[in-house]
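A.B. asks: Here the structure of chain A is known, so what remains is to put chain B in place on it, guided by the hints.
This is what each chain is made of:
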Amino acid sequence: MTTEASPPAAPAGPRALARQRRRRAAVRFWRQYRTHRAGLVGLAALALFALLALTAPLTVGSDVAGVTDAPGRPMESPSAEFPLGTDRFGRDLLGLLVWGSRVSLLVGLLAAVLSVVIGALVGITAGHYKGMYATVMMRVTDWFLVMPALVLAIALATVLPRSLGTVILAIGVTSWPTTARLVRAQTLAVESRPYIERAKALGAGHVHIMTRHVLPNVMPLVLAQTTLMVSGSILTEATLAFLGLGDPTVVSWGGMLQDAREAGAVSAGDWWYLVPPGIAIAGVALTFTLCGRAVESVLNPRLGVAR
Amino acid sequence: MTADAVSAPAGQADGPAPAAAPPVRGPRARTWAGYLRYGAGKVGGAAVSLFAVLVTSFFLFRLIPGDPVKTMTGGRPVSAEQLAALRREFGLDLPLWQQFTDYCGKALTGDLGTSYQFRAPVTEKIADALPNTLLLTGTAFVLYTALGIVIGTRSAWRQGRLGDRLNTGLALTLYSLPSFWLGLLLIIVFSVGMGPVPGLFPTGGMESGGEQGFAHVLDVAHHLVLPVLTLVAVEYGQTLLVTRSALLDETGSDYLTTARAKGLRDDAVRRRHAVPNALLPTVTLIFVNLGRTVAGVILVETVFSWPGLGGLFYQALSVPDLPLVQGLFLFFASAVIVMNTVADLVYPLLDPRVGR
Chain A
1 MTTEASPPAA PAGPRALARQ RRRRAAVRFW RQYRTHRAGL VGLAALALFA
51 LLALTAPLTV GSDVAGVTDA PGRPMESPSA EFPLGTDRFG RDLLGLLVWG
101 SRVSLLVGLL AAVLSVVIGA LVGITAGHYK GMYATVMMRV TDWFLVMPAL
151 VLAIALATVL PRSLGTVILA IGVTSWPTTA RLVRAQTLAV ESRPYIERAK
201 ALGAGHVHIM TRHVLPNVMP LVLAQTTLMV SGSILTEATL AFLGLGDPTV
251 VSWGGMLQDA REAGAVSAGD WWYLVPPGIA IAGVALTFTL CGRAVESVLN
301 PRLGVAR
Chain B
1 MTADAVSAPA GQADGPAPAA APPVRGPRAR TWAGYLRYGA GKVGGAAVSL
51 FAVLVTSFFL FRLIPGDPVK TMTGGRPVSA EQLAALRREF GLDLPLWQQF
101 TDYCGKALTG DLGTSYQFRA PVTEKIADAL PNTLLLTGTA FVLYTALGIV
151 IGTRSAWRQG RLGDRLNTGL ALTLYSLPSF WLGLLLIIVF SVGMGPVPGL
201 FPTGGMESGG EQGFAHVLDV AHHLVLPVLT LVAVEYGQTL LVTRSALLDE
251 TGSDYLTTAR AKGLRDDAVR RRHAVPNALL PTVTLIFVNL GRTVAGVILV
301 ETVFSWPGLG GLFYQALSVP DLPLVQGLFL FFASAVIVMN TVADLVYPLL
351 DPRVGR
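If you read the protein sequences in the order shown, they are chains A and B.
Under UniProt numbering, the first sequence is numbered contiguously, ending at residue 307.
Under UniProt numbering, the second sequence is numbered contiguously, ending at residue 356.
Here chain A stands alone, though its shape is the one from the complex (with noise of 0.2 Å):
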């Protein structure tokens, strides 16, 4: 019933059988999938943060981050008109988190596939490349690895301009050391399978056989590290923006929990300012760890990666 498709008869192209396959195996991922409870949760509840993120222009309006004319008093309490009371400025809290969710969003994406790209140009090419390179660029990726990655992303944060670019790039600079390991060693269990030799008789160049063939390979393995890495990177986003290094201009979950710091939320017992945010941030992280876990079981057995 699955693959009795009837493929079309003989004057298939290569493009359209290897398109044919692509879709198979999509449809066998989502079936597997599917046997995932978790998965299932966290990907429902990414499609209503995404779905969130995407209408905050039309449900709050990009001027809810306005600091003049704000509808408020300053620092209200939660009430019918502002469900989660006011902050300083007497913006309303609810449209400020539905706001900042697309900060958040944006930088953990972006972030975490900065990283997995880094990750996995290291990890094929030092799997790829043997020898002195490889050497020197898996002395490179454990260096990454023992370091404190989050001393490592203040410091790029300190030092660069604040803005939302500098933010990706500290985390995503910080973290793809992992990817890159994982990469690796995907990339020498491929490189040892004989078609790879086939390939190579054949007159296969370096640029062939990493892109053409190890690459296909790997690419599952990195989807799922980048789904993995999204919620690391959304910590650490709203961390930074905690310490006060994110984009100032910016309405971010971290950004929130620094203003709640600054407007003495915090002494004055005013739960309903701080714990909206964290809930937020933990929630998003925890979706996408749902989503990620499930994407590698699915994937893992079949390509038979030790971790």
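Everything labelled a hint here was simulated from the structure, so no lab data went into it.
There may be inaccurate statements among the hints.
Said to hold, decoys possible - If we take Cβ atoms under 7 Å as the criterion, some of the chain B residues that face chain A in the derived model are:
id, residue
1, Val192
2, Gly205
3, Ser208
4, Val294
5, Leu317
6, Pro320
No residue lacks a Cβ here, since even glycine has one placed at the ideal position from N, Cα and C.
C.D. replies: Below, chain B alone, put in the same frame as chain A:
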């Protein structure tokens, strides 16, 4: 559960494989020579790593767009002579390579420059704050390691039961919470007081001042409770999970079947046979994860205004007080590298399979 106890321990193959047929010498001599070679390799690697940290810290802080002297004066009206004097004071008028060699030489002799904001040597500020950090981190480290190992062991021994699932779930949840947020919440609940809970603990700092002798010790301990609680809460999950999975790797092993066949009680099998073996990978991972602990310490000290290195780091980066940030960066990174090297050196003494 009992039937598959014979399954081969698959995860035993890690660690460097013993070389095939080593030259015939006394087993002890071979071990010690091997250990020395292994140790020299690790120390050499650490030296290279430390040098890399030095290079990074130098060039990272030369990336700053704009003039560090301008940042330092913070927009106040300063005359050109004053600027030049400051530049000379901080050695910013020299060529880059000379600045670098100067920097290395000074760093090696323990001179990390002068803090802009405190007008005091960075080394002095670090030395002042270090004992406080060690007190906080040491207390938390002992507690979370012990807690993680104890709960992790119990969890693994009763794998899949309700207790195991609750414990791993709780640990994972706490592990993924932002530590600074947890700290803020604890302050609101236990320091400020919320509803029926009165303010039990101080909101921050390390001492109220004025106490002497034993009262002072109690006062510091009182201030220590919430920061330590926060650190333990976010860190113990790591140890728990590592211990749990290390012990689960051992549960199928033949030697445990043997121990049981000898008629040992379940408790004795666990404590005397399984746990010592499972602790080895746990020790390594505790040290590998020190970087994460450093991050936790920085945030917890910031939230609780603890007068340690983390609190100092926060004060430094909000100015930004670059020499202090740079000095602390150097210190944190070197400390983690040194601790890891120590772990690498101790590990073969604990586990003879490694480092021959």
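A.B. asks: When the hints from earlier in the document are held up against this structure, which numbers fail?
C.D. replies: Going through the list in order, the structure violates hints 2 and 3 and respects the others.
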